[in-house]
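There are 2 protein chains.
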Amino acid sequence: MRLLADWGTTNRRAWLVGEDGEVLAKHADGRGTASIGPGEWPAAYAELEAKLGGAKPRVALLAGMVGSNRGWSEAPYLPCPAGADALAAGLHWVVPGKVAIVPGLSTMNPSADVMRGEEVQALGAAAAGLTPADGLTCHPGTHTKWVRLQGGRIAGFRTVMTGEIFGLLRSHSILADLLESEPEPGVAFRAGVDHGFEKADLTAELFGIRARVLLGAAPREEAGAYASGLLIGADLAVGLAGAKDARIHVIGRSDLALLFAAALEHRGREAIRVDGDAAALAGLRRIEEMRP
Amino acid sequence: MRLLADWGTTNRRAWLVGEDGEVLAKHADGRGTASIGPGEWPAAYAELEAKLGGAKPRVALLAGMVGSNRGWSEAPYLPCPAGADALAAGLHWVVPGKVAIVPGLSTMNPSADVMRGEEVQALGAAAAGLTPADGLTCHPGTHTKWVRLQGGRIAGFRTVMTGEIFGLLRSHSILADLLESEPEPGVAFRAGVDHGFEKADLTAELFGIRARVLLGAAPREEAGAYASGLLIGADLAVGLAGAKDARIHVIGRSDLALLFAAALEHRGREAIRVDGDAAALAGLRRIEEMRP
Chain R
1 MRLLADWGTT NRRAWLVGED GEVLAKHADG RGTASIGPGE WPAAYAELEA
51 KLGGAKPRVA LLAGMVGSNR GWSEAPYLPC PAGADALAAG LHWVVPGKVA
101 IVPGLSTMNP SADVMRGEEV QALGAAAAGL TPADGLTCHP GTHTKWVRLQ
151 GGRIAGFRTV MTGEIFGLLR SHSILADLLE SEPEPGVAFR AGVDHGFEKA
201 DLTAELFGIR ARVLLGAAPR EEAGAYASGL LIGADLAVGL AGAKDARIHV
251 IGRSDLALLF AAALEHRGRE AIRVDGDAAA LAGLRRIEEM RP
Chain V
1 MRLLADWGTT NRRAWLVGED GEVLAKHADG RGTASIGPGE WPAAYAELEA
51 KLGGAKPRVA LLAGMVGSNR GWSEAPYLPC PAGADALAAG LHWVVPGKVA
101 IVPGLSTMNP SADVMRGEEV QALGAAAAGL TPADGLTCHP GTHTKWVRLQ
151 GGRIAGFRTV MTGEIFGLLR SHSILADLLE SEPEPGVAFR AGVDHGFEKA
201 DLTAELFGIR ARVLLGAAPR EEAGAYASGL LIGADLAVGL AGAKDARIHV
251 IGRSDLALLF AAALEHRGRE AIRVDGDAAA LAGLRRIEEM RP
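Here the protein sequences come in this chain order: R and V. Each residue of the first sequence is one higher than the one before, starting from 1 at the first, in the working numbering. Each residue of the second sequence is one higher than the one before, starting from 1 at the first, in the working numbering.
What the hints contain is simulated information worked out from the structure, not anything from laboratory work. Cβ coordinates follow ideal geometry from the N, Cα and C atoms, glycine included. Be aware that a few hints might be false.
[Stated by the list, open to error] Counterexamples of contact, computed for chain V against chain R with all Cβ distances above 10 Å:
{"no.": "1", "residue": "I36"}
{"no.": "2", "residue": "T162"}
{"no.": "3", "residue": "L206"}
{"no.": "4", "residue": "A243"}
[As the list claims (entries may be wrong)] Dumping the calculated DSS-like pairs for lysine-lysine here, alpha-carbon to alpha-carbon at most 30 Å:
{"no.": "5", "chain 1": "R", "residue 1": "K98", "chain 2": "R", "residue 2": "K51"}
{"no.": "6", "chain 1": "R", "residue 1": "K244", "chain 2": "V", "residue 2": "K199"}
{"no.": "7", "chain 1": "R", "residue 1": "K98", "chain 2": "R", "residue 2": "K56"}
{"no.": "8", "chain 1": "V", "residue 1": "K98", "chain 2": "V", "residue 2": "K51"}
{"no.": "9", "chain 1": "R", "residue 1": "K199", "chain 2": "V", "residue 2": "K51"}
{"no.": "10", "chain 1": "V", "residue 1": "K199", "chain 2": "V", "residue 2": "K98"}
{"no.": "11", "chain 1": "V", "residue 1": "K199", "chain 2": "R", "residue 2": "K199"}
{"no.": "12", "chain 1": "V", "residue 1": "K51", "chain 2": "V", "residue 2": "K26"}
{"no.": "13", "chain 1": "V", "residue 1": "K199", "chain 2": "V", "residue 2": "K244"}
Excised from the complex, chain R in its bound form (with noise of 0.2 Å):
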């Protein structure tokens, strides 16, 4: 029996798998990292179990921010480009031959950069079929993943910060009253997407959407769906850059994923929802049985 988990920043989903891969129970909730402090972590994970059933896992792997400066143990980057093999091979025990944490990865392709967690998901959708080897896929959340896989290996990816940035402007800035409703994927959404993905001038186009509102150029009920696009236009900017792939996979979190697969459409890319906490289930499988 095992114990696999995706423990990230917010939210953490676990699963006890049987010896021949069957989920046996799996449970998900708010204990992220964010909400554990230092000195707390073997009682965390001592409740993970409990919650999935109180049976005792012959060893448990742990994936995502856990494995970061502020998470139970910090497990060293490794270099793209890698497998889930190099995942195995780098398992950083935290209760030896008992739990490890499994390590980020690192890149300079296109530029320096770094990842915990969605390497997991990437490599899981390719190794169970739900992606191809070779492609392109989205992950968004806070940050926005994209990760370039080749011959079912990563060989880079880039971060782009849209979701904490859309947070920021919603919680704390001017446009604040202006992105309290929930952004649909219609027209002023696609109108944003065009104008983020062709123009480079983010930070005065979005004071623009407050000077629309006040010179009625524009309705206010469209400008969260407007700045959304807009945000996420950028965004595919940077994901797409060089990028020939006609279908693109959107992994992760539903409302955002439907968001960014709207974009992708809009783009004229083919998008694919896959569903996240499967990829990460899978990831999670393929780097256990890979394991020295």
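For chain R, the structure is supplied; the task is to place chain V on it using the hints.
Frame of chain R; chain V shown alone:
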């Protein structure tokens, strides 16, 4: 005796000016519009008269966010092109014959935009000979304003949210701990300016700053200056778009104006600093002279 005031969101600056134009008293404090509630305006204005010595001015002109929907009373925006004569003809009287608010400006050139306060500085600088009647002025602040002057009138302008977004990143983002120190216009700042000016990947490159520090590929203590340069470089790319001006006049707050001037010089333009208070006072005097 006239009372002239530049009354912004955070600060207010006021002058008591004699019949021959001489400054009899001046005062500045932090009683910006954000600190004054509805119904408190007459008292806040009376307090300002008292701070200037208690003399009763014949007339008072107030410019800036005091005329916004969060100020004393909303003064409509006047369309560009507009000069001091148009502002003088459009005064919005809150105490008839006694206290007036200077209207803001709106433009559709190059896109929908609004402004309250900087128009008085730009027109005042030109009227006082601090800038030529034809040129581009840059007003750094929470929101940068780039103002195009033609024949001593404002032809159009553009707003960029650089200061606000830098503040959000510094206060609330994953980059917060990297942005604590005050940015200096050195090598890292200039590298950021070049990247922001030349490349359209702002929301990705911001995360790259963090990645490079985590990977030991850039020194932590340079991250803040690079981030400041990056945002200011992107700002310049908007403000200088299509502008052939060899000289740009930078009007306003000294610490930010210093960074914008350094960025402009680095990008091959001559940057001439102009005192924002002197420009505001000159603009208010000019409008008062021209009022019907």
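Verification of the supplied hints:
no.	hint	result
1	I36	holds, 17 Å
2	T162	violated, 6 Å
3	L206	violated, 5 Å
4	A243	holds, 14 Å
5	K98(R) - K51(R)	holds, 18 Å
6	K244(R) - K199(V)	holds, 20 Å
7	K98(R) - K56(R)	holds, 10 Å
8	K98(V) - K51(V)	holds, 18 Å
9	K199(R) - K51(V)	violated, 48 Å
10	K199(V) - K98(V)	violated, 51 Å
11	K199(V) - K199(R)	holds, 11 Å
12	K51(V) - K26(V)	holds, 8 Å
13	K199(V) - K244(V)	holds, 20 Å
Hints 2, 3, 9, 10, counting from the list given before, are not met by this structure.
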